[in-house]
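Based on the provided sequences and hints, a complete structural model is requested.
Protein chains: 2
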Amino acid sequence: MKFVDKLVAASTRNDSLLCVGIDPNPAQMPDVPLLDFTRGIIDATRDLVCAYKPNFAFFEAMGIPGLEALIETIKYVPDDIPVIGDAKRGDIGNTSEAYATAVFDIFRCDAITVSPYLGYDSVEPFFQYKDKGVIILCRTSNKGARDFQDIAGKNSEPLFETVAKKARQWNTEGNIGLVVGATYPEELKRIRELCPEMPLLIPGVGSQGGDLELAIKYGVDSAGKKAIINVSRQVIYASKGNDFAAAARAKAGEMRDSINEVLSHIGKRS
Amino acid sequence: MKFVDKLVAASTRNDSLLCVGIDPNPAQMPDVPLLDFTRGIIDATRDLVCAYKPNFAFFEAMGIPGLEALIETIKYVPDDIPVIGDAKRGDIGNTSEAYATAVFDIFRCDAITVSPYLGYDSVEPFFQYKDKGVIILCRTSNKGARDFQDIAGKNSEPLFETVAKKARQWNTEGNIGLVVGATYPEELKRIRELCPEMPLLIPGVGSQGGDLELAIKYGVDSAGKKAIINVSRQVIYASKGNDFAAAARAKAGEMRDSINEVLSHIGKRS
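First to last, the protein sequences are chains R and P. Residue numbers for the first sequence, in this note's numbering: 1 to 270. Residue numbers for the second sequence, in this note's numbering: 1 to 270.
Check each hint, because a few of them may be wrong.
No distinction is drawn between identical chains; accordingly, a pair holds when it is met within one copy or between any pair of copies.
Unchecked claim - Pairs of lysine-lysine, BS3-like flavour, derived with a Cα cap of 30 angstroms:
#, residue 1, residue 2
1, K75, K268
2, K154, K2
3, K75, K189
4, K154, K268
5, K165, K268
6, K166, K143
7, K189, K154
8, K154, K240
9, K166, K154
10, K240, K217
11, K143, K130
12, K268, K240
13, K165, K240
14, K143, K75
Calculated directly from the structure, the hints in this document are not laboratory data.
Right, dumping it as structure tokens:
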């Protein structure tokens with residue numbers, strides 16, 4: 001099954017556009033073993049999400065045990081919920097092939113985030129996995145996004161728009177998506193216009209302060225789907241105590257419901 | 001000791017601008033255990049190089065045993081030779097902090113390659129490690145480099161030049177370098193003009209076909225140093241037989257000597 005179909009199926013079944021980002025940071029985590037934490041979060045939220053997004057950085061920072069836990073965490077996600085490996089990889093062709101092997105065959109993600117800086121031949125090896133999703137950084141959620149992504153080239157078109165247009169051209173297999181931060185709603189609107197069919201991974205609501213209502217209004221496709229609203233810290237660190245899973249569930253439920261209220265409000269609640 | 005000082009010291013001691021890229025690919029490797037291969041390459045070339053550059057992708061593609069071997073490989077490099085972790089990381093601030101922890105504290109690299117696409121706050125966490133090198137992708141060696149890196153913004157300045165200028169601004173600690181492919185000699189020349197003091201990591205000679213003479217002529221600083229001429233496949237896969245280490249040594253020696261001949265020829269042999 002293609003990534004996008006798995007995504008829409010999970011989204012429909014759980015009535016949710018919420019993606020929970022799994023970013024285990026020892027400074028913020030409850031005092032439990034890493035796998036108990038990640039599995040606890042998954043158990044508590046599996047009926048509330050359209051996807052999970054483990055971020056490789058936080059697991060890598062815990063060394064080999066962290067990477068082992070990453071594999072086990074991904075294995076623990078129910079088969080019918082897609083896992084987006086947030087790894088932001090990208091290198092010359094033969095190296096991107098190796099990264100694709102790592103993320104899809106070793107870590108067994110359903111999708112990966114990749115950086116476009118090296119151009120077509122750096123992302124093409126990921127496209128070869130036709131059932132996997134390849135989610136290209138377009139307009140990121142951070143402040144520094146402006147440094148290069150706003151640079152205006154031909155016809156004053158900013159770099160992020162050029163990336164979106166190229167991604168659309170490259171999307172012959174229907175397996176490409178884009179990362180667009182909720183912190184830049186006007187840019188999100190423009191990217192959704194350019195790429196009406198693509199799944200958009202939208203971080204930046206929650207701890208980063210992006211506007212949830214605009215993220216949904218501008219981020220969903222015409223059917224009110226294919227927006228992947230990611231929340232990490234606000235959900236997984238809802239409590240640092242023994243009640244971390246219950247607190248994460250409560251917060252995730254609240255986020256899902258808030259998203260669905262906006263969808264109703266804009267007439268896109270199915 | 002700062003990365004750049006360690007680099008120049010190794011370069012001077014071994015009379016070499018050659019960096020050997022360690023990209024273990026099972027399809028190309030001799031039939032020996034991974035660590036025997038990487039350690040064999042290091043033993044055979046340690047007096048011929050200014051640095052080693054293990055590429056994380058190839059180790060990740062071999063799963064946990066590959067990542068364990070990456071740690072052991074880096075540990076095996078003599079203390080006075082810098083290790084450049086070719087990882088091309090970069091994410092929003094708190095995530096880049098985690099990547100910095102991984103690459104510098106867990107894998108214990110002396111430097112890392114990073115992608116600039118997310119802007120200042122995505123690379124700044126790496127800069128905090130003042131003795132470590134942060135080598136920013138500027139003009140990559142692959143064909144797709146043209147897709148976005150050539151986009152001309154204000155005053156027709158291509159993106160890669162804007163990246164070089166920003167990197168120079170950000171370099172208050174003297175710990176930044178740039179990746180510039182040998183396959184684009186004119187761009188290399190321009191970047192060396194913009195950043196006369198920075199170490200430049202120059203892949204693309206060897207299997208990728210870049211011009212060695214121009215790479216050196218345009219890549220070195222005024223003292224004939226700080227160009228890190230990377231060769232991976234041509235050295236480490238010089239033979240697939242039991243003589244892989246001897247063959248790698250012969251090829252690395254040949255490359256070092258060719259580089260030094262060019263340096264003599266242009267009057268920069270110290």
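Here is what the structure says about each hint:
1. K75 to K268: Result: close neither inside a copy nor across copies, 33 angstroms intra and 56 angstroms inter.
2. K154 to K2: Neither: 35 angstroms inside a chain and 41 angstroms across chains, both beyond 30 angstroms.
3. K75 to K189: The answer is neither: 35 angstroms in one copy and 49 angstroms across copies each exceed 30 angstroms.
4. K154 to K268: neither (36 angstroms within a copy, 41 angstroms between copies)
5. K165 to K268: Within one copy only: 26 angstroms inside, 46 angstroms across.
6. K166 to K143: Both: 24 angstroms inside a copy, 15 angstroms across copies.
7. K189 to K154: This pair counts as both: shortest intra-copy Cα distance 21 angstroms, inter-copy 25 angstroms.
8. K154 to K240: Neither. Shortest intra-copy (50 angstroms) and inter-copy (48 angstroms) distances fail the 30 angstroms Cα cut-off.
9. K166 to K154: Classified as both: same-chain Cα gap 14 angstroms, cross-chain 21 angstroms, threshold 30 angstroms.
10. K240 to K217: Answer is neither; intra-copy 32 angstroms and inter-copy 57 angstroms both fail.
11. K143 to K130: Intra 33 angstroms, inter 23 angstroms, cutoff 30 angstroms: inter-copy only.
12. K268 to K240: Close neither inside one copy (36 angstroms) nor across copies (60 angstroms); limit 30 angstroms.
13. K165 to K240: neither (43 angstroms within a copy, 43 angstroms between copies)
14. K143 to K75: Answer is neither; intra-copy 34 angstroms and inter-copy 36 angstroms both fail.
Violated hints, listed in ascending order, are 1, 2, 3, 4, 8, 10, 12, 13, 14; each of the other numbered hints is respected by the structure.
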